[in-house]
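Construct the complete structure from the given sequences, taking the supplied hints into account.
Those sequence lines, one after another, are chains A, B and C.
Under my numbering, the first residue of the first sequence is numbered 1, with each subsequent residue one higher.
Under my numbering, the first residue of the second sequence is numbered 1001, with each subsequent residue one higher.
Under my numbering, the first residue of the third sequence is numbered 2001, with each subsequent residue one higher.
The hints are simulated quantities; they were obtained by calculation from the structure and are not laboratory data.
Please note that the accuracy of each hint is not assured.
[As the list claims (entries may be wrong)] Examples of chain A residues toward chain C, derived with CB under 8 Å:
| no. | residue |
| --- | --- |
| 1 | Leu108 |
| 2 | Met118 |
| 3 | Ala121 |
| 4 | Leu125 |
| 5 | Pro141 |
Heads up, the beta-carbon is just placed ideally off N, CA and C, and yes, glycines get one too.
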Amino acid sequence: MENTDDFEEQAKAPAASPFVIDIDGFEGPIDVLLTLSREQKVDLTQISILQLADQYLAFVSEASRVNLELAADYLVMAAWLAYLKSRLLLPDMGAEDEPSGEEMAAALAFQLQRLEAMQEAGARLLARDRLGVDFFPRGEPEKFAFSGETVYDVTLFDLLKAYGDIKRRKEGGATLHIKPWTLYTVEEALERLHGLLGNTPDWASLSRFLPPGLEDGLKSRSALASTFAASLEMARSGKIRIRQDGVFAPIYVCALRDGKR
Amino acid sequence: MSKLNKQHLRLLEAVLFATDAPLPEKALANRLPEDADLKALLSALKSHYAERGVHLDKAGKAWAFRTAPDLGQQLSMAPEVKRKLGRATVETLAIIAYHQPVTRAEIEDIRGVGVSKGTLDVLLEAGWIRPRGRRKTPGRPMTWGVTDGFLDHFGLESAGDLPGVADLKAAGLLDSRAAIDIHREYADAAEPEEAEEETSDLLDDPLDPGGG
Amino acid sequence: MSKLNKQHLRLLEAVLFATDAPLPEKALANRLPEDADLKALLSALKSHYAERGVHLDKAGKAWAFRTAPDLGQQLSMAPEVKRKLGRATVETLAIIAYHQPVTRAEIEDIRGVGVSKGTLDVLLEAGWIRPRGRRKTPGRPMTWGVTDGFLDHFGLESAGDLPGVADLKAAGLLDSRAAIDIHREYADAAEPEEAEEETSDLLDDPLDPGGG
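The structure is reproduced here in structure tokens:
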């Protein structure tokens, strides 16, 4: 059963993968493209978009190989690059008012240059001498009241935040509403385990008891956690036994009938 | 006066300027290189400032820059009155800015809480709101709007420059969701910004750009 | 330089020396006698302090005394504890500074991702960005720009002094329109860049803080 391997697969995946793709380190597809384009070690004005498209498509397929959840915008970019690639490789037959492959490639190259320029600008900004770090204001200011004026200590941020608070109260009422979670709960898992174990006289992999039809993502991870928690609960109350033959090895459960198997 | 190390003098000047309390000579000495001649430096600095708008004064054993006493008159050196506004006041101000011209009843309706007369008084006193004429409805209630003084204080050119609700939302100022939701949002960062549509009713808020 | 009124100079010096936040020129003018030549006084004061341990710095239209940056290390002041800025925040700040006035959609277009929570609100709370009016395009989107507080924090006299701004502009990298539009335009060639005015006003300055 395909599911059987999931427990160990998910636990091992990061270590087993030869290169770790840390998607969290990226700020989105364009950022990935920028990082990849640096691998070409050329001026961004000389970048080969065709090569870049290939690098990106390889990145996406590697990510899916190691079972990494890619947000949809990464996949949209992949589809767009595949399209761009075809436009660049095939004779242009696009309509008049549609950008040509070359134009699209040039626009992408520009976008990369512009983002790189802004990343560098941000770094240069932070490298500057900064108030309160490298230079300092008057440490003991003397305050004068000019013609008796009162100084009101309210910032634009305070004002906007106040308005945001009002709107938020209106949207959510005066009380905090916690939206129902779509997570798979321990109660659900308990119910499912109970129902299924009766038909399972022998040792069976715990992963077989995961609810079907789960897509990857938070819900499937919560199902994994909840099912495991439910199995522990049932073991505690003497309904099942649990067995694991080694670290990260599959977990097996077995129903206990009337206290004995 | 012996030739003084100019770097030492600059350093002493900066230290005295930036510290938040008068410093005793011992503390000053600690902040200067060991070979610095503190006494000579202090005396040089004191005489440099003797004629200026700021003096270097010694009070007891501690040194500090102080406004020249003769300028006190012109600076009317009463301590500045700094005033924080309460939450109700800031909210009322925000509503007036966003919804002007707006009546008190409308403000109360938007806030969902009563608005005391004192709140409007504080804003009037600050010079941030002004009457904007009477509404042509029964009772002819007075409407309120913001002033140039308000725009000035908050660095705005017009009340219409205030970010709309969609912008506030994007800026995270309308966000009250629990952490798990935010996590979920990252997980399926697919959808760009459902915010837009959801708040469209708020977008037609009476942001009156003309302000007038 | 014309002969300056020494009393005016002393007064200005005292006022500036006494405060920690930059004072807008308008506020300074209010604090001086009517016949005072503020510009000349400021410039005289600035050059008097140019070599000293404390400098008179201009940030946008506001002025403040600040310790000389070269003394930073030796001052051994405990640096303020600052919230560490995330990468998205720094990038967004750079985009706002270099592309101002810039809309949220343009920021998102340049970065290729939506503006995430905890970006604009952090910058707003730091007092580094402010609304810069609405773009005269459909939807009248609001624009963001940097404040004098931003300039003060990073020791800049004006946005035109941002590092590398002239080069970036010359390279056409300060165009905040969608990339494909820009390239269509280049393809259609002939026309010379009507974009200039609309997109970035860095070189013409104009950080006009509402306060003037």
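Evaluated hints:
no. : hint   : verdict
1   : Leu108 : 7 Å, holds
2   : Met118 : 5 Å, holds
3   : Ala121 : 4 Å, holds
4   : Leu125 : 6 Å, holds
5   : Pro141 : 4 Å, holds
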